[in-house]
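Chemist: Sequence:
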Amino acid sequence: MNLQKKEYNEGYDRTEFYSIMGKFFAEKKYRDEMPYLINTEEKEWRLFYEEGVLAGFYGHEEKKELTIISGVYVIHEYRHSEVCAFMVEDMLLSFPSIRMTTSNPRLLTILRRNDFRQLSRRGCYLTMERVTPCQENVTITGQRSGTIINLAEDSTQLRIQKEPVWTSTT
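Numbering-wise (the numbering used here), the sequence shown opens with residue 14 and increments by one.
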């Protein structure tokens, strides 16, 4: 699977962003699936495409010494693919300390496989965290093989200069 990644970092074009993402914030079917999906001035986004078609996305926000991940979503047609696992790998390669709250069983399985620990539970939602002392120590588990290509229009939009290439570790 080859995915392309488009980052919407600080100062991004909100008109372009909402032309792609607006339906996820507005339409009832998505609001029912993601009742806590919001955008803020501080939040940045990563959108993942397969052959030009949106396959998934997540938002992230820097807080003190960790990154808060929210709005992790895989488009229905891609839910039986490895899109979610690729997005988690992108998180692990991009952010040394990660915290997120989710109720999605598939995402929770992937997080546990990648050494996230449960911090708390509130109803059906679990807050998970992974802290990596040094980014070189990131270990990614799984059976994926593919490439993520960053679709950022210029280098000022890139948070990471090198592109991760994923291959099977088992």
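If you're looking for bench data, these hints aren't it; they were derived computationally from the structure.
All values reported here derive from a predicted model rather than from experimental measurement.
Quick reminder that beta carbons are idealized off the backbone N, C-alpha and C, glycines included.
Incorrect hints may appear among the rest.
What the hints assert, rightly or not - Restraint-style ranges between C-beta atoms, simulated for each label pair:
id, residue 1, residue 2, range
1, Thr122, Gly24, 29 to 39 Å
2, Glu64, Gln131, 18 to 28 Å
3, Gln131, Val66, 26 to 36 Å
4, Arg130, Glu75, 16 to 26 Å
Unchecked claim - 30 Å max Cα-Cα, derived DSBU-like pairs, lysine-lysine:
id, residue 1, residue 2
5, Lys41, Lys77
6, Lys18, Lys77
7, Lys42, Lys77
Chemist: Each hint should be assessed against the structure and marked as holding or not.
Modeler: Status of the hints after comparison with the structure:
The hint said 29 to 39 Å for the Cβ distance between threonine 122 and glycine 24, and at roughly 36 Å that hint holds. Checked against the hint of 18 to 28 Å, the C-beta distance between glutamate 64 and glutamine 131 comes to roughly 36 Å, which is inconsistent with it. Roughly 34 Å separates the CB atoms of glutamine 131 and valine 66, a value that falls within the hinted 26 to 36 Å. A C-beta distance of roughly 21 Å is found between arginine 130 and glutamate 75, which places it inside the suggested range of 16 to 26 Å.
For the suggested pair lysine 41 and lysine 77, the alpha carbons sit about 34 Å apart, so the restraint of at most 30 Å is broken. Distance restraint check for lysine 18 and lysine 77: the Cα-Cα separation of roughly 26 Å lies within the 30 Å cut-off, and the hinted pair is therefore satisfied. The hinted pair formed by lysine 42 and lysine 77 fails the criterion: a straight-line CA distance of about 34 Å is larger than 30 Å.
Violated hints for the displayed structure, listed by number in ascending order: 2, 5, 7.
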